[in-house]
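Peer 1: Spelled out from the first residue to the last, the chains are:
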Amino acid sequence: AQRVTQPEKLLSVFKGAPVELKCNYSYSGSPELFWYVQYSRQRLQLLLRHISRESIKGFTADLNKGETSFHLKKPFAQEEDSAMYYCALLNYGGATNKLIFGTGTLLAVQP
Amino acid sequence: DAGVIQSPRHEVTEMGQEVTLRCKPISGHDYLFWYRQTMMRGLELLIYFNNNVPIDDSGMPEDRFSAKMPNASFSTLKIQPSEPRDSAVYFCASSLAGTGADTQYFGPGTRLTVL
Chain B
1 AQRVTQPEKL LSVFKGAPVE LKCNYSYSGS PELFWYVQYS RQRLQLLLRH ISRESIKGFT
61 ADLNKGETSF HLKKPFAQEE DSAMYYCALL NYGGATNKLI FGTGTLLAVQ P
Chain F
112 DAGVIQSPRH EVTEMGQEVT LRCKPISGHD YLFWYRQTMM RGLELLIYFN NNVPIDDSGM
172 PEDRFSAKMP NASFSTLKIQ PSEPRDSAVY FCASSLAGTG ADTQYFGPGT RLTVL
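So the protein sequences, as listed, match chains B and F. Take the first sequence: its letters are residues 1 to 111, numbered as in this note's numbering. Take the second sequence: its letters are residues 112 to 226, numbered as in this note's numbering.
Don't read these hints as lab results, they were simulated from the structure. It cannot be assumed that every hint is accurate.
No farther apart than 20 Å at their CA atoms in a straight line, the calculated lysine to any residue pairs in the SDA-like style are these [claimed, not checked]: (1) B/Lys9 with F/Lys179; (2) F/Lys179 with F/Leu157; (3) B/Lys9 with F/Ala199; (4) F/Lys135 with B/Thr103; (5) B/Lys22 with F/Lys135; (6) B/Lys9 with B/Asn97; (7) F/Lys135 with B/Gln45.
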């Protein structure tokens, strides 16, 4: 079954420390993965997608098919990175294409 | 564009009452999604529409939940009768055809509390 797992509900780091938000997936086809972010009092929004191989706000995520992972990383955390982060998998299912979200990880960056 | 609009932003009701949540997608978007967010289960897709037609409602928890999209600019999610376990934040999102389901634009959410 298609599934996205984010094992950590809360990740607390100090400003300037490296950050890694873990995401593992289960999917039978070729996966397309995304990270969405929700800052306090703001809407959930797309942060980055693996096919773009982009770096957004210093964050990167590499798809590792061998480990079925798509961890989100940033070398030096900033206080403004504090937010809820969701990993998502695009599930192609014939007539239905939909995103499957993980349960989310709350990142708290301490000063 | 004001983005996806949801109303009400907060709803407090008593068990057994009917609850109606409303959503206005971004103009021109073909897809509309309803999600439920809870601490335990994260973000769950309830149902989505393409060109006003329900495509996948496999996430709708039970018959107490129903959703409609009478036209391209309006959708409702109804819970009747409501129960305390329905307490959650309900999000509506929309996206453009061509990009499919991946780039979704979310509304601010409706925080529902059922007492």
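Peer 1: Now tell me if each hint is right for this structure.
Peer 2: Structure-based check of each hint:
Note on B/Lys9 and F/Lys179: the hinted pairing is violated, with a Cα-Cα distance of about 33 Å set against a maximum of 20 Å. Distance check on the hinted pair: F/Lys179 and F/Leu157 sit about 12 Å apart at the alpha-carbon level, within 20 Å; holds. This hinted pair checks out: B/Lys9 and F/Ala199 have alpha carbons roughly 17 Å apart, not beyond 20 Å. With a CA separation close to 26 Å, the supplied pair F/Lys135 and B/Thr103 exceeds the 20 Å bound.
For the hint pairing B/Lys22 with F/Lys135, the CA-to-CA distance comes to about 34 Å; that exceeds 20 Å, so the pair is violated. For the given pair, B/Lys9 sits about 27 Å from B/Asn97 by alpha-carbon distance, which is inconsistent with the 20 Å threshold. The hinted pair formed by F/Lys135 and B/Gln45 meets the criterion: a straight-line CA distance of about 17 Å does not exceed 20 Å.
Checked against the numbered hints listed earlier, the structure breaks hints 1, 4, 5 and 6; every other hint is satisfied.
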